[in-house]
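Trainee: In case you want the letters, here they are:
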Amino acid sequence: MSKVVLENIVKKYGQNTVVKGVSLTAENGQLLSILGPSGCGKTTTLRMIAGFEQSDGGTISFDGKPMDKVPVNKRNIGMVFQSYALFPHMTVEDNIAYGLCQRNLSQSEIKERVEDAMKMVHLEDFAQRKPKALSGGQQQRVALARALVIKPDVLLLDECLSALDKKLRVEMQVELRRILDKTGVTTFFVTHDQEEAMTLSDKIVVMNNGVIEQVGSPYEVYERPKNRFVAGFLGKANFFEGRVTSMNAEEGYVVLEKDGNSVAIPAKDAVLGEDAVFAVRPEKMRISKAPVTGALKGVIEHITYSGNISSCNVECSGRSLVCEVSNDDMSERPQRGETVFVTWESAASVRIEG
Amino acid sequence: MLTWPAMAMLFVFAVFPLFIMLASSFQSDDGTAGIVLSNYARFFSKNTYLKLTGRTIVNSLLVTVISLIISYPLAYIMAKKLKGMKNVIMVLIIIPFFTNQLVRVYSWLIFLQDGGILESLLNSVGLVHGSLGILYTKTAVIIGLVHAFFPYMVITIYMALERMDNSLVEASSCLGASAFTTFRKIIFPISMPGVISGIMLVFVPCLGTFVEPRILGGVNGTVIGTVIEDQFFEIYGWNFGAAIAFILLAMVLISMAAISKWGKRYEE
Amino acid sequence: MKKALSKIYVLIILLYLYVPIIVLMLMGFNESRYNSMPFKLSFQWYQALAKDETLITAARNSLILAFITGIICVTLATLFILGQRFLSGRVKSVFDSVSMMPMSIPWLIMGLSLLLLIRALNLDKSMFFVGAGHVVISLPYSLLVLKARMASMDQSLEEMSASLGATPFTTFRRVTLPAIAPAMVAGGFLSFMISFDNFPISYFLTPSGISTLPIEIQSSIKFGFTPEINAVSTVIIGISLLCLAVTGLIMGSSLKSMMGKGDK
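Chains as they are written, first to last, in my numbering: chain A, 21 to 374; chain B, 163 to 430; chain C, 1430 to 1693.
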């Protein structure tokens, strides 16, 4: 169990600065996801925490102890790789016992802990099997057991669910959360899948291009994105921008003007005369066939049916809005080509950085 | 069918002659008619021949072990350390393969001979005084054979190491293993298929060499191969030669089977 | 520090591989008759080589033999590769083992067994058997190259050709042949080189009076040599390297075109 602090971590490859001054804190027992697109530096950051890469600047500390001079094999970390990295020539049992064998433990204690670990991941019957005889999900669980059995201070997971099919992935996410809650180990989870990050984490760190865009709980990061990137990366968002030419705090709407075009949207947080950008989540928008005051009028261009929800592209005076409606009342479903009125709560308009 | 021409060639000129060889080995060189076992009896009764077999096997083992010792680090360095130079080094290692065997052996002859370059070099540095005395000894033969065969091992071990997933090494590290432990428990075992292929490619052909031993070893280089050569060129005991050749063939096939069986243990 | 050690180690090994050969080539330009120091530049051995009828004939023999061997090997190997898909499992594995046989069995044994065959048939040694022996030992190498190429070639190209109405022969001529052509050339060169460098087979089977280069070198060593051998060795090395370079270029460019066309 460790509190992990990264202060201003920098990593360069030749002329390329891949990680540009990243600072974050993971409290003891927290599950922190590092989320971002490919190439944003998340895996590099994880590998620096592990010790496989040396940072070119800044410090990493576990419980206040700086880790710069500490080699990988002395950091007491557990890591699950994207490819699982199970030793192909060893059985499941030997794989899991490997880390314990490097520590001074008696044979009986090793045996006991390995058995407990296998039980924890429901693989008791697979002890003598070799990795190639296991399915992807089973290999993943062995890798997890191997990492946890040594009782690491920090657990690092590197996109390790990406090789599984969707259904298995969701199952593993739940399983993972359960196990991690039980063991209470500080965990870093790297992924590019925002759904995964939101399901699993206590805290999400959104990275892009080597810098941290935002840190917060899943709720915070989704409902209150700081900027366009975060708003667009986690789920979908509709953006409205322009200069505030008029506003009405009581009624809760704001008029934005850009390039000669004006649009009035339900929003509160604005200052007259200033430039503003608002993001609105598709599921916050309501579509009605009857006119509503303050609503944007538009025509439905396209509807995508996804079982529980329908995603509608509405063309409103030159802009294309994405709205999500729940399919609870199928009789009232809007049709393609229909004129509709789109509105939302003013609190749903989130002011973000330009 | 299309496969017949190639197969016919092989059966007629490779497989069939071996049966002839087997048949000849049961015939006598001195004119006795019919099937005789005297050739084999002679081989197995005389101490010199048995010692010869032993020496051939020991030589081959020595060459194999030395090749392994110098090849493994090289293959490892190529696979893990050198990023850009990998291909260049590989090409450089393969080129000598395509140098004529005789030319290679001859070059060692010149290099190691008394009065040659190596002697002058070592004399001038003070490491050796006077004549070098390496040529026409077992050492020269070993040097020549290792030179001829070790690239095979470099290639097979290199391929095995190259194929290995690097994250296995990282996983071993973060589980607490030192670099040495990682090598001992992870890297070396996983490279075993390559090591065994290499052993197969070195040990087996070494049993049948006769050029290097004769030219570099002279009298001290007598091995089964040279004895067989003598039977066909000096002594004209062809049938006896056939018998020895068959024994050599048996040795080759047995070692191949044994090494192959050993290799199955490490099959992934 | 570790990196420097690694580089030094690689260098030492490369020296071990190349120094004797380089010395050999240098000595071809040394005046000394006995390949000993001191070094004095001279071209006399190359001049002698140009006049040495025996060596030149031997060289010619080696080249012709290697050339014929190469052609035959490629032809047989190509036919084999094309036909092997029609074989049943058991026959296939027998043929596969037999085809790889000359690579595992010492050439010494193959050479002398052919000699015994000649004796059994009451024939005389002749270049025919030398050629047959060369073909047999070089064949596996052509097979290997072609097998590798066939394995990485997209089967569906041929199926596509058939579905468009082409006869098997046309498919072969217009689809398969262009695809394997580089491998055929590479296999041919490889067999050429194996044959050119071969000593055991030639040694056992050449009739008296005829010689190949490796045999000449060996007699020189046995009976006392003149450094013309150094000169001719250098020439041999040159030829081998040339073949290797050409093969490499062919395989290299075919690899590039493979990747360009999306061939898998």
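What the hints contain is simulated information worked out from the structure, not anything from laboratory work. The beta-carbon is built from N, C-alpha and C at its ideal position, and this holds for glycine as well. Among the hints, erroneous ones may be present.
To be verified - Using C-beta positions, here's what the derived DEER-type ranges look like: (1) C:I1500 x A:N229: 55 to 61 Å; (2) B:G425 x A:K94: 33 to 39 Å; (3) B:G425 x A:D145: 27 to 33 Å; (4) C:I1497 x B:L254: 27 to 33 Å; (5) C:A1674 x A:G34: 55 to 61 Å; (6) C:M1589 x A:D349: 29 to 35 Å; (7) C:L1492 x A:S58: 23 to 29 Å; (8) A:V90 x C:M1589: 20 to 26 Å; (9) A:K94 x C:A1674: 36 to 42 Å; (10) A:E47 x B:P351: 53 to 59 Å; (11) B:M247 x A:D145: 55 to 61 Å; (12) A:T324 x C:R1602: 47 to 53 Å; (13) C:Y1438 x A:D222: 45 to 51 Å; (14) A:P57 x C:Y1438: 40 to 46 Å.
Claimed, not checked - Quick list of in silico lysine-lysine cross-link-like pairs, PhoX-like style, CA-CA up to 20 Å: (15) A:K150 x B:K243; (16) A:K171 x A:K131; (17) C:K1432 x B:K243; (18) B:K245 x C:K1469; (19) A:K171 x A:K139.
Trainee: If a hint holds in the structure, say so; if it does not, say that too.
Mentor: Now the hints, each set against the structure:
About 60 Å separates the C-beta atoms of I1500 of chain C and N229 of chain A, a value consistent with the hinted range of 55 to 61 Å. Checked against the hint of 33 to 39 Å, the pair G425 of chain B and K94 of chain A passes, with Cβ atoms roughly 37 Å apart. The supplied range of 27 to 33 Å is met by G425 of chain B and D145 of chain A, whose beta-carbon atoms lie about 30 Å from each other. I1497 of chain C and L254 of chain B have their C-beta atoms about 31 Å apart, which keeps the hinted 27 to 33 Å range intact.
Remark: the range hint 55 to 61 Å for A1674 of chain C to G34 of chain A is contradicted by a beta-carbon distance near 33 Å. At roughly 52 Å, the beta carbons of M1589 of chain C and D349 of chain A sit outside the given window of 29 to 35 Å. A C-beta distance of roughly 56 Å is found between L1492 of chain C and S58 of chain A, which places it outside the suggested range of 23 to 29 Å. A hinted range of 20 to 26 Å is violated for the C-beta pair V90 of chain A and M1589 of chain C, which are about 59 Å apart.
Between K94 of chain A and A1674 of chain C the CB atoms are about 50 Å apart, so this pair departs from the stated range of 36 to 42 Å. The hint said 53 to 59 Å for the Cβ distance between E47 of chain A and P351 of chain B, and at roughly 40 Å that hint is violated. A hinted range of 55 to 61 Å is violated for the C-beta pair M247 of chain B and D145 of chain A, which are about 48 Å apart. Roughly 51 Å separates the CB atoms of T324 of chain A and R1602 of chain C, a value that falls within the hinted 47 to 53 Å.
About 50 Å separates the C-beta atoms of Y1438 of chain C and D222 of chain A, a value consistent with the hinted range of 45 to 51 Å. Under the hint 40 to 46 Å, the C-beta atoms of P57 of chain A and Y1438 of chain C, about 42 Å apart, fit the expected range. With a C-alpha separation of about 30 Å, the suggested pairing of K150 of chain A with K243 of chain B is violated against the 20 Å cut-off. At roughly 15 Å between alpha-carbon atoms, K171 of chain A and K131 of chain A fall within 20 Å of each other, so this suggested pair holds.
At most 20 Å may separate the alpha-carbon atoms for a hinted pair to count; K1432 of chain C and K243 of chain B meet this at roughly 8 Å. Between K245 of chain B and K1469 of chain C, the direct Cα distance comes to roughly 41 Å. Violation of the 20 Å bound is thereby established for this hinted pair. About 15 Å separates the Cα atoms of K171 of chain A and K139 of chain A, which keeps this hinted pair within 20 Å; it holds.
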